[in-house]
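Trainee: Residue numbers (our numbering), protein chains in the order written: chain A, 1 to 257; chain B, 258 to 329.
Only true hints are included.
Going by beta-carbon spacing under 7 Å, a handful of chain A positions derived as facing chain B:
id, residue
1, Thr43
2, Ala45
3, Val46
4, Arg47
5, Val49
6, Ile51
7, Glu92
By construction, these hints were calculated from the structure, which means they are not laboratory data. Please read all numbers here as calculations on a predicted model, not as lab measurements. Ideal Cβ placement from N, Cα and C applies to all residues, glycine included.
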Amino acid sequence: MKSDILKIADTKFKSRLIVGTGKYKTMKECAKAIKISGADIVTVAVRRVNISDKTKPLLMDYINPKKITYLPNTAGCFNSKEALRTLRLAREIGGWKLVKLEVLGDKKNLFPEMIETLKSTEILTKEGFKVMVYCNDDPLMCKRLENSGASAIMPLAAPIGSGLGIQNKTNIKILRQQTKVPLIIDAGIGQASDAVEAMELGCDAVLINTAIAKAKNPFQMAESMKYAVISGRKSYLSGRIIPNLKGSPSTTKKGLI
Amino acid sequence: MNKKNKIKIVVNGKLLTVNVKFSIKNLIEKLKTPINKVAIELNEEIVNKKKLSQIYLKNKDRIEIVHFIGGG
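Just chain A, with the same shape it has in the complex (with noise of 0.2 Å):
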C-alpha cells in the first residue's frame, strides 16, 4: 500500500488527529488524553505568566514540545493587530513558524471575522509564518486564503466547543475539490462518528478539543477519536461502493437447494 502520510508546510505527520490542550480539568488528564490520542500536533495559547503564584505547574513540564508539535494559536483575539501579536510572541517563546490563526468576529458564536483572518494570513505568511488557518466553510473566502498562503485551511463543522458536528456536508466536499494544501477540519466535532464523517468527505485532519476534554471519561474519548480518524481515512481511501436502493444479495443464488 502507498504511504499516507499528512505533510503540513513540508513537515510530515502520522496521526491525522490534532488535539487542543484546553479545558481539561488538570495538566495530568490533558497530557494522557494526548498521549491516548496518538496526536503529533497539539494547539496551545498564548497567555501572561502569573507573576504572583511561580508555583503553578507549566504545560511545557507535562507535554514535552520536543516530542510532540505544539501548534500555538491565537484563540481569544478579535483583530488582526492582536493576532499578529500573539503569533509574533509565540514565535519568540521557541522558534515555532507553524501556527494556527483564529480571529474570531462574534462573542457568542466564535465565528471567524474573515476580512482580519484573510489580512493577517497575507502578512503572517510574508513574516515567514507557516499559517494554518481557522475559517468558515466558504468556498470563495477559503480560495482567497489558500492563494494568500495558507499552509491549511481549517474550516469549522460547527461553532467552537459546539460539538453539533458537520453542519454543511456540500461545502466540505466544494472545498475538498478545490483545496490543495491539506484541508482540516477545525471545531464542531462532537462525537466519533463526526470525525469519520470528516475524514470520509476526504480531509486530511480534523482538530478536536472540547469532544475529548469535556467528554465524560476523556481517556476513552480520545482513544475512540483516534480509531476515527483513521477508520474515516481508510474508509474514504478504499473507493466505496456506489449506493442504491435496490438490495442486491450478498450470497450467490447457485447451489440454492
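Given the coordinates of chain A, assemble chain B onto it according to the supplied hints.
Mentor: Quick look at chain B alone, frame taken from chain A:
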C-alpha cells in the same frame, strides 16, 4: 528610602516598584521566570532574550511576559 531611586513599571498588568538601573534580566531573576519557556515584550516590542541584561527599565515601562497554556 529615597523615592528618586525608584521607578514604577507594569508587569503583566501589575504595578511594581523597582530600583533605577534595573534591567529586564534583573526582573526575570526577581520573578524566577523560566526564560526558555517565555517571550517578553517591552512597551509592545518583542525583547531579544539575548540582550536582557543590556536593557534597563524606565519609569512607566510596560512589560508582558507570556508563555503557553492549554488551548484549542
